Each structure stands twice: as structure tokens, then as C-alpha cells.
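Generate coordinates for the entire structure from the input sequences, incorporating the hints supplied.
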Amino acid sequence: MIELTTDNIANYLRARGAATEGEVLVKNLSGGVAGAVFMVLDMGAGEPVGTDMRTEGQKRAGKPDKRMREGRCFVVKQPLEKFNTAAEWLVDRDRIHAEHNCMALLHRLLPAHRVPEPLWLDETNFVLAMTAAPAGAAAWKSQLLAGSLNQRLADDAGKLLASIQNRTCGSAPIAKEFGELTGFVQQRIEPYFHATAKKHAALQSVIARTAALMQTNRLCLTHGDFSPKNMLTWPPADGETAQLMLVDFEVAHWGHPAFDVATLINHLLLKGFYHASRWRPFMFAADGFWQTYQQHAHSTLKQPVADCGGKLLGCLMLARVDGKSPVEYITDEALKNKVRRCAEHLLSLSDDSLDTALDEAAGFLD
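If you count the sequence shown from 1, you need to add 126 to reach the working numbering.
Hint data in this document are derived by calculation from the structure and do not stem from the laboratory. No experiment lies behind these values; they were computed from the predicted model shown. Hints are supplied without guarantee of correctness; some may be wrong.
[Stated by the list, open to error] Result set (DSSO-like, lysine-lysine): computed pairs, CA atoms no more than 27 Å apart in a straight line: (1) 267 to 355; (2) 285 to 462; (3) 355 to 208; (4) 325 to 464; (5) 285 to 267.
See below:
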């Protein structure tokens with residue numbers, strides 16, 4: 127099995143007929159803790175640029191067309207078995223199959239540019255190739271950390287998630303295809319819920335209950351990492367509205383609709399904690415996302431989310447400071463304690479609802 131690097135990926139692609147013999151430019155993208163991701167520009171592919179100056183006789187004689195090509199850009203991804211985290215975190219590499227299948231499904235179900243299109247899958251080496259995002263695309267996370275927040279993108283996330291859940295809810299074939307929970311357990315239940323519970327003995331019962339609910343009341347396709355780092359945005363053309371492209375489907379499974387909703391709300395609130403006195407736009411974004419989701423999601427989906435989302439939000443918030451994958455931008459111990467107090471409060475409430483949790487969380491951000 128080959129481990130891809132910027133040094134060997136061009137030859138790997140040529141060997142499998144996925145790149146030309148021309149120049150291949152490679153950029154190492156951020157794969158997070160879970161894998162390697164590369165942007166590839168094959169300069170020898172694509173349509174020729176300019177006018178073909180060969181005569182008809184030269185063409186018949188087989189004189190090569192030496193015009194430059196416009197190039198072909200695509201993305202290549204290979205997951206790691208051992209995540210790049212301080213705590214040991216092992217995950218089966220065959221999760222790339224779930225990613226490929228989920229991406230292919232959503233590419234069929236959703237409008238253009240909502241998800242990449244899978245190009246090919248190398249099952250032996252656990253390598254997936256996909257189309258690249260539009261030029262100028264960047265992770266929404268980078269804008270949020272810089273303090274730039276477009277409420278329209280938060281609303282768009284609500285519409286996008288509702289569309290995914292609406293289009294897959296109740297589908298027996300999709301439930302069967304994504305019913306295996308091993309990847310979800312390895313990447314979310316164990317490192318988020320179980321690892322966090324070990325550090326908070328008084329909360330073990332409520333965390334265990336919430337983790338069990340995420341594995342039992344399963345209604346729709348669940349992304350599993352519906353967070354700003356996996357949402358790309360780019361400058362809209364004239365007359366267009368800013369929108370998001372969703373990427374990274376390694377944790378995709380048939381699951382509880384609340385998981386993706388609470389995941390994004392958690393990340394928006396954590397950005398609010400990070401920005402301290404400038405927290406209000408992030409709370410508004412979280413609330414706007416939740417309200418937009420409710421406006422578009424079927425009642426069979428949004429009601430279970432509303433009912434248990436508060437406890438789930440508390441679990442996820444605590445996990446991102448005390449689980450196996452703490453967020454990298456909250457490093458100050460005093461700020462970590464502030465997040466902990468908020469999460470512990472949400473988990474102590476008798477009301478499990480998401481609306482109550484959002485109201486209560488605002489008091490800790492202020």
C-alpha cells in the first residue's frame with residue numbers, strides 16, 4: 127500500500143492513468159487530524175488554449191498539437207488510520223468507502239456545487255479523487271475565526287441540512303447502505319462522548335444516555351461532521367447569493383437528525399466564546415441557522431431535534447475541550463473553564479430542549 131505525499135502523488139496518478147505525462151502541480155491542503163488531502167493541477171490535461179496553427183496536411187501527417195492546455199484541477203484524499211491527535215485515536219481506513227458513497231448520493235440529490243463529484247476510488251490504497259471547489263473557495267471556518275460572519279451563510283447551512291435530511295428521511299435503501307455505525311462510533315461516540323465522560327464522573331450518566339440516543343433513534347442520512355471547516359464558500363458572481371459547498375463525508379451514517387444540527391450550533395457558539403466581547407453575531411448565527419432549519423425540515427425530523435438538542439449540545443461542547451479532539455483555537459485555560467461551565471450547566475438542566483439550551487448558553491457568552 128502506498129502512503130501519498132506531495133513527492134510521490136504525481137507518479138501515483140500517472141501509474142493509474144489519472145494524470146498525463148505533463149507537469150503536475152500539487153498543493154497539500156489541510157486534511158485536519160484525519161488524513162491527507164491534495165489539490166492537483168494536471169497541466170497536460172484539459173482543452174488546448176488558443177488557435178491550432180497546424181495546417182490540414184500537418185494534422186493528417188500526425189504532427190502533434192503543441193498548444194498549452196488549460197489544465198485540469200481535482201482533489202485527492204487518503205485517510206489516516208491513526209489520527210494526528212495527542213490522545214491515541216485509531217479509525218478504520220475503509221471509512222473512505224462511506225465518504226465516496228455519501229458524496230455520490232448527495233451529488234445526485236442536490237443542486238450543482240453543493241457537494242463535490244467523486245471521480246474515482248482506489249479501494250486498495252484507500253484513495254478518493256473528487257472535483258475541486260470553484261476558484262477562490264475557502265473554508266467558512268477561516269472567515270469565522272477572522273471575525274467575519276455572513277448571516278446568509280448560516281441560513282444557507284440550515285436550508286442545506288434540511289434538504290439533505292428531507293431527501294433521505296425514511297429511505298430504506300439509504301438506511302441499509304449507511305446503517306453500519308462502526309465509523310460513527312470510532313470517530314464520534316468513543317472520542318467525543320466516552321472519552322469526555324471519563325473526565326467528568328458526575329456527568330457520565332447523561333452523556334451515556336445521549337450517546338445511546340444518537341445510535342438508536344435513527345431517521346435520516348447524517349453527515350457526522352457538519353461544521354464550518356467542512357463548508358466551503360467563495361465570492362458569488364453578480365446576481366448570485368453566497369452559498370456553501372459541503373465536503374468531508376467520512377463520518378456519514380444513517381443517524382439521528384439532531385447530531386448535525388447540534389454540531390454546527392456548537393461550533394458557532396465556540397467561535398463566540400473565542401471572540402469574547404464580539405460573541406453576539408455568533409449567537410445570532412446559531413439561532414438563525416436553527417430557525418431556518420426548522421422552517422425547511424419535515425416535522426418528523428425537527429421535533430426530535432428540538433426535544434433532545436439541548437443535552438446533545440452540552441455533550442458536544444464539553445467534548446471539544448475535554449475529548450480526544452479539542453478545538454485548536456481555544457487554548458487559554460480560563461476560556462476553557464468558561465466553556466466547561468456552560469456545557470456542564472446545559473447537561474444539568476431538566477429541560478433537554480435545544481431552544482432552552484440556546485437561551486441558557488447566551489448567559490455564559492455575555
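*asked:* To test your reading of the hints: which numbers does this structure violate?
replied: When the structure is compared with the hints, only number 2 turns out to be violated.
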